[in-house]
Amino acid sequence: MIQAERQVDIRPPQGHIEVEDFALSYETIEGSVEAVSNTRIHVQPGEFVSIVGPSGCGKSTLLNAVAGFLKPTSGTVTVDGEAVNGPSAQRGMVFQQYSLFPWKTVRENVEFGLKMRGMPRAQRERAARTLLGLAGLEAFEKHYPERLSGGMKQRVGIVRALATGPKVLLLDEPFGALDAQTRVIMQQILTNLWQRLKISVLFVTHDIDEAIFLSDRVYCMTARPGSIKAEIPIPLERPRQQSMMMSSEFLALKRGLMSLIREESLKAMGGEITDLGMQGLNIDLHGHSLAEIL
Amino acid sequence: MTTTVVAEAEPSPALTPAPKRSLGTLAARWYRLNKESLRAVAIGAISLFAFLVVWHLLTTYRVVFFVRFTNVPAPLEVYASFTKAIHDPKFLLHIVLSCRRILIGFSLAAVVGVPLGLVMGRFKLIHEIIFPVAEVLRPIPAIAWVPMAIMLWPTNEQSIVFITFLGSFFPILVNTLHGMSLVDPVLVRAAQCLGARESSIFREVYFPASLPHIFTGLTVGMGVAWVSLIAAEMISGQYGIGYFTWEAYSLVQYADIALGMIAIGVLGLGSSLLIRGAGQLVMPWRMK
Chain A
63 MIQAERQVDI RPPQGHIEVE DFALSYETIE GSVEAVSNTR IHVQPGEFVS
113 IVGPSGCGKS TLLNAVAGFL KPTSGTVTVD GEAVNGPSAQ RGMVFQQYSL
163 FPWKTVRENV EFGLKMRGMP RAQRERAART LLGLAGLEAF EKHYPERLSG
213 GMKQRVGIVR ALATGPKVLL LDEPFGALDA QTRVIMQQIL TNLWQRLKIS
263 VLFVTHDIDE AIFLSDRVYC MTARPGSIKA EIPIPLERPR QQSMMMSSEF
313 LALKRGLMSL IREESLKAMG GEITDLGMQG LNIDLHGHSL AEIL
Chain B
95 MTTTVVAEAE PSPALTPAPK RSLGTLAARW YRLNKESLRA VAIGAISLFA
145 FLVVWHLLTT YRVVFFVRFT NVPAPLEVYA SFTKAIHDPK FLLHIVLSCR
195 RILIGFSLAA VVGVPLGLVM GRFKLIHEII FPVAEVLRPI PAIAWVPMAI
245 MLWPTNEQSI VFITFLGSFF PILVNTLHGM SLVDPVLVRA AQCLGARESS
295 IFREVYFPAS LPHIFTGLTV GMGVAWVSLI AAEMISGQYG IGYFTWEAYS
345 LVQYADIALG MIAIGVLGLG SSLLIRGAGQ LVMPWRMK
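Residue numbers (the numbering used here), protein chains in the order written: chain A, 63 to 356; chain B, 95 to 382.
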């Protein structure tokens with residue numbers, strides 16, 4: 063273990079993300095639609111920060127802008143004072159749909175970033191094996207991704223993003239497609255990796271438990287156009303244990319975040335949900351089935 | 095020691111070692127596992143045999159029922175002419191020449207069609223320039239090109255190869271293009287944020303992602319190549335298995351007509367099997 067740790071690139075604390083006066087809008091035939099407006103967030107070096115919000119609030123848009131896939135309409139995105147200008151290996155990204163290369167074996171997937179950097183084959187094979195060991199995947203290095211379970215795929219996805227020694231790790235609902243049990247294990251693995259590598263993490267999720275359990279700080283976004291509604295520090299001690307999710311401190315944080323998000327979710331669904339609609343199940347059908355009435 | 099990073103490796107069926115068994119139980123196991131495919135092979139063999147029997151009966155009794163089997167050669171006659179033909183260097187030359195035409199025409203189509211499709215799929219301007227021309231030429235059957243091909247090329251041989259090329263070119267181009275349009279943009283993003291630049295993305299993402307469709311194109315292209323070749327040979331050839339079949343009709347060698355047809359079928363089947371095998375070699379990740 064200790065040997066493995068030494069081989070993984072550990073650098074002085076870096077990865078200070080700053081997003082200032084950020085806005086992003088799309089052009090459509092009816093005019094421009096604002097996805098994110100007037101947003102300001104920051105991630106300190108080595109900090110774990112989550113963004114939660116109702117679906118469609120633009121949290122992924124924000125993350126994609128930090129990754130360099132989208133350009134802000136106004137405002138700036140910087141990492142360590144340098145403006146983000148297109149995707150780069152300095153900002154590793156983990157996607158919800160794993161996005162492993164199906165034609166590459168597990169090890170070749172992990173090696174990819176190092177290969178792009180021009181590292182000689184033998185050296186990058188060794189690095190990839192070390193990283194796979196950290197995620198408990200050495201036995202699967204020669205497998206193609208198709209044969210792995212969802213949890214294993216995402217472990218490969220995380221390790222692949224870490225292989226190039228990025229300053230920050232961006233995760234876009236990485237565990238959204240996993241079952242609840244696997245998700246908890248994956249959260250544990252991610253926090254462990256994060257504590258070892260001392261890397262800054264920006265994590266997008268709609269799962270409130272996940273956000274609280276993992277983060278130092280949580281940003282809660284408003285409904286579209288998204289902006290920051292609240293910033294909630296998570297004072298829970300580290301390392302976090304699963305049992306903490308039952309503590310009164312955790313539950314209080316959860317209750318607070320839930321009511322914030324519920325408010326925004328209702329807003330996001332707009333006119334669809336009225337008080338009457340929420341009570342729809344109580345409508346008296348006078349003994350008829352719904353099909354008969356319709 | 096605090097919490098470890100290493101998670102329990104989930105069990106994979108592929109990794110459990112098979113327990114040792116005696117030869118008898120192994121054979122029984124193998125039989126049980128392959129029962130379905132064995133059944134398919136057995137039924138296939140019976141069905142082929144039945145086909146031969148029906149053919150034999152229809153021709154020996156010279157059945158006339160809408161279609162006339164009066165002059166159709168019986169299976170045994172065809173077999174007799176087959177045994178004669180395999181010792182005849184001229185028949186072998188017909189086959190070798192047809193195969194050479196396919197090889198040249200099809201290879202050219204693949205060498206031009208695949209890269210062109212890849213480049214068209216990647217660069218919008220090239221797509222906008224070439225696609226309309228391709229769409230206008232594509233519906234013209236290769237056979238319709240025969241007179242034009244004879245005018246264009248100085249020798250008959252070249253015009254036949256050209257027809258074969260045309261037949262396979264469009265399926266290969268269209269399928270490659272289709273494969274390029276289906277490349278998952280998230281994979282491209284993943285490559286980008288691992289530091290891949292344009293040329294690497296092309297080589298490491300677009301090309302392998304399109305390979306399954308490229309091979310679909312090659313398989314379809316090979317089929318059309320044979321169709322076009324046989325037609326071209328029947329019209330303008332002096333050699334080749336298509337010419338052999340047509341010549342047999344002119345010379346009232348009825349058994350040779352069926353022999354030519356069967357030879358064409360076997361050659362077509364063989365070449366598409368070759369492509370399928372190549373596909374499995376090139377795309378090991380798609381092996382079941």
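Careful, some of the hints might be misleading.
[Claimed, not checked] Quick partial rundown of chain A residues pointing at chain B, CB under 10 Å, derived from the structure:
1) Ser87
2) Asn147
3) Leu162
4) Pro207
Quick caveat, the hints were computed from the structure, so don't treat them as lab data.
Positions of the beta carbon are idealized from the N, C-alpha and C atoms, including for glycine.
Going through the numbered hints above, which ones does this structure break? Give me the numbers in ascending order. Result: hints 1, 2 break, sorted rising.
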